[in-house]
Every structure is written in structure tokens, then in C-alpha cells.
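S.K.: Sequence:
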Amino acid sequence: MAKLDTVEIKQLLKEPIISIITTMRPDGTPHMTPVWHLVRGDKILVGVEEKSVKARNVRENPTVALCVAANESPQRWALVNGTAKLTHHEVTDVVTEVSMHYVRGEEEGKAYVEKVLRELDFVLLEITATNIVGFDGLV
Numbered sequence: 039m040a041k042l043d044t045v046e047i048k049q050l051l052k053e054p055i056i057s058i059i060t061t062m063r064p065d066g067t068p069h070m071t072p073v074w075h076l077v078r079g080d081k082i083l084v085g086v087e088e089k090s091v092k093a094r095n096v097r098e099n100p101t102v103a104l105c106v107a108a109n110e111s112p113q114r115w116a117l118v119n120g121t122a123k124l125t126h127h128e129v130t131d132v133v134t135e136v137s138m139h140y141v142r143g144e145e146e147g148k149a150y151v152e153k154v155l156r157e158l159d160f161v162l163l164e165i166t167a168t169n170i171v172g173f174d175g176l177v
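So for the sequence shown, this note's numbering puts the first residue at 39; every next one is plus one.
These are calculated hints, taken from the structure and not from any lab test. These numbers were taken from a predicted model, which means no experiment stands behind them. A couple of the hints might just be wrong.
[Stated by the list, open to error] In the DSSO-like style, the derived pairs of lysine-lysine whose C-alpha atoms are separated by at most 27 Å in a straight line are:
#1 89 - 148
#2 153 - 52
#3 89 - 153
#4 153 - 123
#5 52 - 123
#6 123 - 89
#7 52 - 41
#8 81 - 123
#9 81 - 48
#10 41 - 81
#11 52 - 81
#12 123 - 48
#13 148 - 41
#14 81 - 148
Hey, can you work out the whole structure from these sequences and the hints?
M.R.: Following this line, the structure appears as C-alpha cells:
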């Protein structure tokens, strides 16, 4: 495996790839779930339900990890370790932007955004990276 450089990692993190976020339960065990993420500046944003296990865990322990793995071969992947804080700042804008980024087609994206914003109460996980590594599958 070869290491990805900083530019390659940033490029990978900006792709619409479903990532896996890990938060820590109160008993110290990891809680892992697939999420959509968005890079804004030096932060990674993840919209989650206000009452979700992820949000509850971050309230108690801000330590998180986010793994992003591309679907093509050779597989590129990045692991972000960091801390998260909960925020409502620009939550509607971020949920809209990330949804349009992941849902193909403007019409489908708009319909999806309207539905989730109507049905779910979102909060953002604002992740500050403390360590980032990335690799590709080339030998």
C-alpha cells in the first residue's frame, strides 16, 4: 500500500462516498454507522438526528473517527481521527448541500431534502481532525 498525500486525501474526502463514523458509547464500546459527510474548510460536517445515538455519544465524549473508502480498485481510503462538537449553525444549509452532493439529479435531490428536513430534526457534528491518514491499494 502507498500513502496518499495531503492533496489526495482532501480530494478523497470531498467525493460523495458514504463514510463510516465511529463514536464512543458511555461504556467505552464503539458505535459505528454509515453517514454522509461534507468538507467545509478545515472541518468535516455530518448531519445527524438530534436524538440519535451518535449525537448522544458526542455529548458525552467528543472523540470520533471517520473512515472514507472509495469503491473502485485499487481502493483508496482515509481515516480521520478527531473531536466533534454539536452545532445547529447553518444546519439547514449543510443538510441541503450534503444531500444535493450525494443524491444524483437535481430534482431527486430537492425532493429528498424537502422530505428529510420536514421529517427529521437535525444537528451537525462538526469534526476537527487531530490526525488524518490515507492509503491506496497500490503495492
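S.K.: Which hints, by number, does the structure contradict?
M.R.: Those not satisfied come down to hint 13.
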